[in-house]
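If you're matching them up, the sequences are chains Z and X in order. Note that the working numbering has the first sequence beginning at 41, numbered continuously upward. Note that the working numbering has the second sequence beginning at 395, numbered continuously upward.
Hints were generated in silico from the structure; no laboratory data involved. Using N, Cα and C, we set each Cβ at its ideal position, and we do this for glycine too. Treat the hints with caution; some may be incorrect.
[What the hints assert, rightly or not] Restraint-style ranges between C-beta atoms, simulated for each label pair: (1) Z:SER74 x X:ARG503: 35 to 45 Å; (2) X:VAL434 x Z:THR290: 31 to 41 Å; (3) X:THR608 x Z:PHE211: 19 to 29 Å.
[As the list claims (entries may be wrong)] A short, non-exhaustive set of chain X residues, derived as facing chain Z with CB atoms under 7 Å: (4) ILE525; (5) SER631; (6) LEU672.
[Said to hold, decoys possible] Here chain X is said to cover these stretches of chain Z; the calculated rule only asks that three of the stretch's residues, wherever they fall, bring their Cβ under 8 Å from a Cβ of chain X: (7) 60-66; (8) 196-205; (9) 235-246.
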Amino acid sequence: MIGLRIFVYVIVALMLLPLLITFPVALTSVSRISFPPVGMSERWFVAILSDHALIASIVRSFWLAIAAAIVAIIVALPCAFVIQRGKFRGRHFLETWITGPRMIPQIVLALALLAYFETIGLAETFIGLVIAHLVITIPFAFRTLLVSVATMDKRLEWSSDVLGATPTQTFLRVMAPQLKTGLIAAFIFTFILSFNNVTLALFLSGFGQRTLPVEMFQRMNVAGMTPVIPAISFVLALVGIVMFIILDRTVGVYRFLAGRE
Amino acid sequence: MASFELVKSYLEDATRRRPGVISALLLVPVLALLILFFVVPLIQLFNLSTLTQQPSVQNPSPPHSLLIYTKLLGDSFYLQITANSLLVGFSTTLATLAISYPVAFYITRISGWERTLISVACLLPIFVNVIVSILGWYILLLPFGVVQQILSSLGLVTGPLQWLRTFPALVAVLTYEHIPFAVLILVSSLQAIPMDKINAARLLGAGVPRIFLTIILPLTMPGLIASSILVFSLATSSYLAPILIGAQRIRVLPLSIFSYGTELLNWPLAAALAVVLLILVVAITYTFSLAMNRLTKRGQWELV
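Bound-form chain X, shown alone (with noise of 0.2 Å):
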């Protein structure tokens, strides 16, 4: 009690002294968490990937060296998963932002009850499980499943539909996914247009593909680099959908980190594959926004 006391008022003559101790004080459980159960995991991670062998009773610290990963590069099977991740992470980046664009730019165009029917479809699935949406497809997809019947009836195919399992379906729902995210970042993007800015334009004559080239893509291209950036890393790591809709037909990085690190208990492998889908998503999202804002000549991005 004594040493409490002491402690007490140690802390009411600092933080008197100094206001900044107190704002140190406030800071500390976050920061302590996130390095307690962010960093240091992370180091950990990286540790684990250069064992040579599963640690195990017998052999609790196996040695260590760089040679998985030299493994890794040299596999032509493992090339391919990483190229297979990169290809669905790039498709979905576009899919989602060709499709998000234009509704965001629809949202800022309206108000009422249909902004709000729009804002409830296109947000709705950040609000409900992922799960569930990816359930819905599959239900959809499934062949004898809805989409076949609307197209049989319509008399557009025969016979049972191969959709599940194919690249275009994973792609599909990973992009009905991330959709929300676009939205969300590019809505306020163009809400942040100054409407005199179109007017001025519009008096001076400039037709509608003009003000958009030159005013409207210029100023929202921020939130598209926003957009892109969280889309792709979200989609590059994403392992529901390619397990459930893909059914491990289309290999990413993701599945091969959930197989090892739960099922297989190789965890050395897994995590290489985890340092390697890390340093990727990190690599292309940094040199993806460095050279946009280069391009754009503005140095306020922001991701969301």
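Just chain Z, with the same shape it has in the complex (with noise of 0.2 Å):
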């Protein structure tokens, strides 16, 4: 046991390690990346909000994550209700249907929407670049619903039923207190998939409508990279951490990303 818990801590430290690293190195004074860093200072820290390509990257990711994870909840939600509740033929096969650009490589699924995009009009536009996020991040909400779905308590919405409240009110008063958690892990859990997808907006978004993650690529595959890149990862990753720990303070990590009961 002593052998194995000297094991996990040496990997515990080897997966913050990267992550942690940005930022001593964002600290440094001067223009390239090195470490340990020279000289003291935040000013790479101020830059970033004087970066007007990245703050416009940011924002726009933002916007993305939002919708992609909005209309994947409103979508799935009444989904996961007819797959969860409904007694038909060919249920798991649509289950399975749903979830399926899970298991498709998302470089193959990128290349044919550009491909697609262009014959039909799309290809370089926010609402494509939605689209394409819908896709990869309704799989993940409907899982994370059919969840939700599957735990509600049926008799409470009889109960609410035979005393007399119309479907509106039992909707809103029985069954969205229940469903809380599931949407908020499923909000969570989309707006992350798609503020982070790159694959995607690589192929998808035009010439200056870069995301986030792809202004960060650009920057370090082709040019541009200073030390407002660590700066600004050093960032994530703190965001990353007040996401992971509010989502394992309401509903538990594990059963939530694992996405069953």
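The two chains are supplied separately, each in an independent frame; assemble them into the complex guided by the hints.
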């Protein structure tokens, strides 16, 4: 057991190291990436705010992820109800099919959508990007909500019905509170998935329409790599930790990420 | 307006007689979206791959043929790329499972703050952009980077390390990226083992290796299969690490798809390579799950 413990803590250190190393590197006062940092200054964290291209890409990514998460939940929730509650042939086929986009390589989907959008005129548009993100976020929203619907107590709805509530009242007063944690989890999950997606955006976002991950990728891969990239990376790592803690405290990370009860 | 009322009354009538109609209507948005933006694009992708040349304004619909696939199969350059992809996928899967299984086992045996700490560390890469962790590894592995300085100060190495742009570095970063997914699946799989089975075996005098081999391993086999399938398909189709860490030295299929698709604009070739990648991933994960199902004699495995 003690050997296992040492092994696990070495892995823990290795898992955190790449995310935390961005902090000291970003504290440098010169404009190249080096470790240990030359001098100490917060100038690169301040530089994030004055970097217009970067800020624009953050805003774009944020709205894209919000749109993808909200629409995915709105269309996936009824599906989860029908498939969880319904008794018809082909339920399992439908379930497999809706979760299907998770099973194929995203780069294949990205190329397919690039060629397809070119023919139907959605290429390099924001709406095209939202649609592409929906294809990958719906399966995850659906899985999460399916678990949530399965754990609902049906007797409460019957009681509400018997006591004379309208279907709308039953939904808002009885079902919605039970679905709340599932909805929060699905929202955070799909938001993260969409906000962090690189593949689809790299193929589908037009010139001057880059999302944050694409902007970071382009600067690392092509040109313009300054310590502002480690700085924004560290900020993203902090946001990730906060999101993780919120999700863990509200619904439990394992329960909902694994998508089962 | 009149027609709207007509449709509305028809729908109300239909739903009163058959509740199934409501269900069908609720499914329509998702199914329509998936047909229009998932099934149709994939069919079109295959169609594109059979074109003999790039469609252009002068020649919008060039003739079709399957020639490109026979060309790909006979070309040692592309066979080498395919082999590289498979090798990267298999190595990453093995490394990921070898690390994640003990970690997941440890997580199920602890509680409180220690569990939270280890969970945060092992699941965090899901919550943080993959570019961030690749950047971190890049800084660590640079010649004269952090790892180099630590090893030099310990007197273990001299001279610049050439770890970046090597196969082990690529597999290490891909393993890092995929450990969270494997840990997630394996933890829920290990947690489902009833403790009384282990206690019963212990009472009956079984040692730790025997308990592991006869109880824990078989019961977590579905989790192992599910996580290896997921990791393999994700690792084989990832290209950010190959492009940023491998720096195109280790050529894999996603790299070629990316460069033919967006830089060189040879869509038929990119589409053909994408179809090859798709078939490869689907075929290998499917046969693997089938074979393992037969081996473990249980029909229940679930992909997360």
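Results of checking the hints against the structure:
At roughly 41 Å, the beta carbons of Z:SER74 and X:ARG503 sit within the given window of 35 to 45 Å. Between X:VAL434 and Z:THR290 the beta carbon distance is about 38 Å. The supplied range of 31 to 41 Å therefore holds. Between X:THR608 and Z:PHE211 the C-beta distance comes to about 50 Å, which lies outside the given range of 19 to 29 Å. Against a cut-off of 7 Å between C-beta atoms, the interface hint on X:ILE525 holds, since the closest Cβ of chain Z lies about 5 Å away.
Interface restraint check: X:SER631 against chain Z, minimum CB-CB distance 3 Å, threshold 7 Å, status holds. For X:LEU672, the suggested interface contact is upheld, since its CB lies about 5 Å from the closest CB of chain Z, less than 7 Å. Only when three residues or more bring their CB closer than 8 Å to a CB of chain X does the claim for the region 60-66 of chain Z stand; here the count is 4, and the claim holds. With a cut-off of 8 Å between beta carbons, the region 196-205 of chain Z has 0 residues touching chain X; three or more are needed, and the interface restraint is violated.
Three residues within the 8 Å Cβ limit are the bar, and the region 235-246 of chain Z against chain X gives 6, so the coverage statement holds.
Comparing the model with each numbered hint stated earlier shows that hints 3, 8 do not hold.
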